Every structure is written in structure tokens, then in C-alpha cells.
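So you can see what is in the structure, the chains are spelled out below.
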Amino acid sequence: GESVGLHLPTLSVQEGDNSIINCAYSNSASDYFIWYKQESGKGPQFIIDIRSNMDKRQGQRVTVLLNKTVKHLSLQIAATQPGDSAVYFCAESMNSGYSTLTFGKGTMLLVSP
Amino acid sequence: DSGVTQTPKHLITATGQRVTLRCSPRSGDLSVYWYQQSLDQGLQFLIQYYNGEERAKGNILERFSAQQFPDLHSELNLSSLELGDSALYFCASSQGIQETQYFGPGTRLLVL
Numbered sequence: 071g072e073s074v075g076l077h078l079p080t081l082s083v084q085e086g087d088n089s090i091i092n093c094a095y096s097n098s099a100s101d102y103f104i105w106y107k108q109e110s111g112k113g114p115q116f117i118i119d120i121r122s123n124m125d126k127r128q129g130q131r132v133t134v135l136l137n138k139t140v141k142h143l144s145l146q147i148a149a150t151q152p153g154d155s156a157v158y159f160c161a162e163s164m165n166s167g168y169s170t171l172t173f174g175k176g177t178m179l180l181v182s183p
Numbered sequence: 407d408s409g410v411t412q413t414p415k416h417l418i419t420a421t422g423q424r425v426t427l428r429c430s431p432r433s434g435d436l437s438v439y440w441y442q443q444s445l446d447q448g449l450q451f452l453i454q455y456y457n458g459e460e461r462a463k464g465n466i467l468e469r470f471s472a473q474q475f476p477d478l479h480s481e482l483n484l485s486s487l488e489l490g491d492s493a494l495y496f497c498a499s500s501q502g503i504q505e506t507q508y509f510g511p512g513t514r515l516l517v518l
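So the sequences go chain by chain: A and B.
Counting with my numbering, you get residues 71 to 183 for the letters of the first sequence.
Counting with my numbering, you get residues 407 to 518 for the letters of the second sequence.
Hints are computed from structural coordinates only; laboratory data are not their basis.
Quick caveat: nothing in here was measured; it's all calculated off a predicted structure.
Don't be surprised by glycine CBs; every beta carbon is placed ideally from N, CA and C.
Treat the hints with care, since some could be wrong.
[To be verified] Under 10 Å between C-beta atoms, here's a sample of chain A residues computed to sit facing chain B:
id, residue
1, 104
2, 112
3, 114
4, 116
5, 161
6, 163
7, 175
[What the hints assert, rightly or not] BS3-like mimics (lysine-lysine), calculated; alpha carbons at most 25 Å apart, straight line:
id, chain 1, residue 1, chain 2, residue 2
8, A, 112, A, 138
9, B, 415, A, 175
10, A, 175, B, 463
11, A, 126, B, 463
Produce the complete structure using the sequences and hints provided.
What follows is the structure in C-alpha cells.
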């Protein structure tokens with residue numbers, strides 16, 4: 071079946087830089103998207119979500135952008151800090167979240183001081 | 407700390423054995439989800455319970471089963487274990503069916 075895809079890249083940035091993590095999804099019926107952060111030895115932690123009736127949503131230091139035309143989702147982290155180092159997953163769902171989540175494979179973000 | 411607790415943190419067992427993983431959801435959450443995370447498959451949804459009833463099923467093997475008890479804690483039973491079942495098993499909970507899922511710290515299962 072269709073699934074969210076991350077090509078498991080590793081993104082290395084310097085502290086203070088802005089980071090952009092990308093996600094391509096293939097299920098055009100998906101209408102709810104979430105970003106999770108997973109630090110080593112811990113469970114995934116909710117960062118931010120967005121519904122398909124929006125194209126941008128901002129949180130604290132994070133912004134999620136949704137481009138439904140090309141089925142692309144991105145997570146922008148401003149002023150990246152060493153504590154942001156983790157694996158980031160995007161996940162998708164249908165029916166405004168009433169269906170189960172499908173996770174991508176993750177992107178490793180490494181932040182150097 | 408998400409408020410979701412899982413026990414045990416680590417589990418080492420042999421092929422053919424059966425184990426039970428336990429999850430306590432956040433206070434007030436009615437939904438519990440189980441996920442398996444392995445290096446080759448990523449994070450895979452297994453099963454969801456809502457207020458004691460099975461709500462959705464994902465890629466859960468027939469050798470695996472789960473239940474949610476009246477106090478809302480949940481158990482995932484894994485039987486006839488195989489080497490390939492070695493993975494991290496996460497539980498998540500949410501208030502209802504649609505709300506944000508909060509994950510526990512996971513149980514690392516190693517099958518030898």
C-alpha cells in the first residue's frame with residue numbers, strides 16, 4: 071500500500087543554523103500529518119501537527135509546511151541546538167486523524183556545537 | 407516524560423518463548439496503541455484499543471495478541487518468539503480516537 075517515505079538521510083548542521091527536514095508522502099487521501107522527534111533510547115515525542123486545510127503551522131522554533139500539490143511535508147527548526155539532535159519522523163493519517171498513523175523511516179539530525 | 411509507562415524496559419528471551427509487555431496510558435487517556443520499531447521496518451503500527459475494545463489492527467502477526475483492561479492498562483502478548491521479533495515495542499496513548507498520540511519509553515526485546 072501507499073506509505074510515507076523518508077530516505078533516511080543524515081542532516082548535519084552547526085548550532086544556531088536553521089534546519090529543514092523533508093518528507094514525501096504518497097497517499098493523496100492523507101489529510102493529517104505529524105512530526106515526531108525520537109532521541110536515542112527514548113520513545114517518539116510529538117513536535118507539531120498540521121491538517122490538510124492548512125499549508126503552514128508554527129510552533130516554538132518549529133514550522134511545518136505542507137505542499138499538497140507535490141505531496142511534500144517539511145519541518146523547519148530555527149536556531150538549531152545540540153539538544154535537537156535526534157531522529158525525526160513524519161507520519162500521516164486519513165479521515166482527519168481517525169485512521170491509524172503511518173510513519174516514515176526517519177531522518178537523523180546531528181547538531182554540532 | 408510523556409506520562410505513558412511501559413514495563414519491562416528490557417527483555418531477553420529465547421526462541422519459542424512467550425512474553426508479555428505492559429503499558430499504562432496517561433491519566434485520562436482511553437486509547438492505547440502498540441507499535442514495533444525495527445531497523446529494517448521502521449515504526450510499524452500493530453494494534454489500537456479504545457476503552458477496552460479493539461479499534462484498529464495493523465501489521466500484527468497472529469502470534470501476537472493484545473488486550474486493554476478495565477483500568478485501561480494494556481498488555482501485548484508475543485508468543486512462539488522468533489529471532490526476527492527482536493525489536494523495540496512502543497505503547498502510545500491518546501485521549502480519544504483522534505487526538506495526539508503520546509509514546510512511552512518502549513520495551514527492548516531481544517530474542518536469542
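Consistency of the hints with the structure:
{"no.": "1", "hint": "104", "verdict": "holds (7 Å)"}
{"no.": "2", "hint": "112", "verdict": "holds (6 Å)"}
{"no.": "3", "hint": "114", "verdict": "holds (5 Å)"}
{"no.": "4", "hint": "116", "verdict": "holds (5 Å)"}
{"no.": "5", "hint": "161", "verdict": "holds (8 Å)"}
{"no.": "6", "hint": "163", "verdict": "holds (9 Å)"}
{"no.": "7", "hint": "175", "verdict": "holds (5 Å)"}
{"no.": "8", "hint": "A/112 <-> A/138", "verdict": "violated (31 Å)"}
{"no.": "9", "hint": "B/415 <-> A/175", "verdict": "holds (23 Å)"}
{"no.": "10", "hint": "A/175 <-> B/463", "verdict": "holds (20 Å)"}
{"no.": "11", "hint": "A/126 <-> B/463", "verdict": "violated (31 Å)"}
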